[in-house]
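Colleague: Residue numbers for the sequence shown, in mature numbering (1 follows the signal peptide of the UniProt record, and there is no 0): -22 to -1, 1 to 311.
Hints are computed from structural coordinates only; laboratory data are not their basis. A couple of the hints might just be wrong.
[As the list claims (entries may be wrong)] Taking lysine-lysine and the DSSO-like style, the derived pairs with C-alpha atoms no more than 30 Å apart in a straight line are:
#, residue 1, residue 2
1, 11, 100
2, 17, 44
3, 111, 202
4, 142, 111
5, 111, 37
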Amino acid sequence: MRLRIHILIIASLFFSPHCLMAEQFGVVTNELKAAARFKEGVDLWHSGHRNNAVLAWEKAIELDPKLTEAHYNLGVALRDKEILSDQENCLEKDDILQCLSAKSNLSHGPATQLEKALRSLKEASRLNPDHPKAVYMKGVIEGQLERYDTAKTSLIQHLDKHPKDAQGHYLLCAAYRAQREFNNAIASCEQAVVEKPGYLEANHMLGMIYLSLERSEDAVTAFKEVVRLQPGLQSGWFNLGLAYSGQDSFIEAIDAYKRALDIGPANGAINLNLGAAYDELGRGSRAIAFTRTARELFSEKQEWRQVARAEQNLNRFLNKYWGLPDKKPFFLN
């Protein structure tokens, strides 16, 4: 999520009679010092010196604890420090809120950057309940810390004032889904799509929810929209194949899996599912070939549970179609 740093409008501070009098007598108040450190932090942030920007905003808050924008900027900046450098594909993750944060392993401790960020954003929203982003960002971080009840409360509070914020509805959908409140999740994701037609992530999330509920027809509709919006998204085609399989539409499922395989052939799960789909159609040679490939790919990645699953399918197919056990098992009985 792109970081938004707010620049405080401090004209009224600098030009108040009190401040003019202070300047005339060579007195610099803490408020003026805080405003200067805040501005210094903004300049440092935009010049790439982010750690120094954080220090400047911390100093500004020390000088003026009521400087709302310093609390907000500090919170967002500390959150940004928790994001991993490699951008993961959030569509592949079960928990979208965790993925959005690219949460590091340190995030489970009590004094992490995310915890500090949350404290700063709570203070910003306390000082200014009408702040356009503080409550929203607080909800995002609460979700990242898996505090879904408070995340939902914050996001609902944000949406009460900004009902057309598609991303707010989407993240609320994710928080509901994390707690298996699927009906509320569907309503929130659908509202996200209403506010932002063609919202890829919201359609993908809807499809995943429908798969969880075994609503295959709705899942097919959702993932068709996903692959229409982004034809090169492997997870979209893979999940479309799952949805078709749930309808016993195995020819369509095979077509979807093959499209996914075209995007990235070294994928054991796709090969495994292709083998299962071909078995449903009674095409033994194809079922065996794809399942063998799946076993090899899982073995290369040392995904041993999946290796065992592929081997189980393979032995069943060999016995079913050829009347033979696999001659080269990975695991001995």
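Colleague: With reference to the structure, classify each hint as holding or not holding.
Modeller: Now the hints, each set against the structure:
Distance hint between residue 11 and residue 100 is fulfilled; the C-alpha atoms sit about 23 Å from each other, no more than 30 Å. The straight-line distance between the Cα atoms of residue 17 and residue 44 is roughly 16 Å, inside the 30 Å bound, and the hint therefore holds. As the CA atoms of residue 111 and residue 202 are separated by approximately 33 Å, the hinted pair breaks the 30 Å bound. The hinted pair formed by residue 142 and residue 111 meets the criterion: a straight-line CA distance of about 14 Å does not exceed 30 Å.
Of the pairs offered as hints, the one joining residue 111 and residue 37 holds, with about 22 Å between alpha carbons and a cut-off of 30 Å not exceeded.
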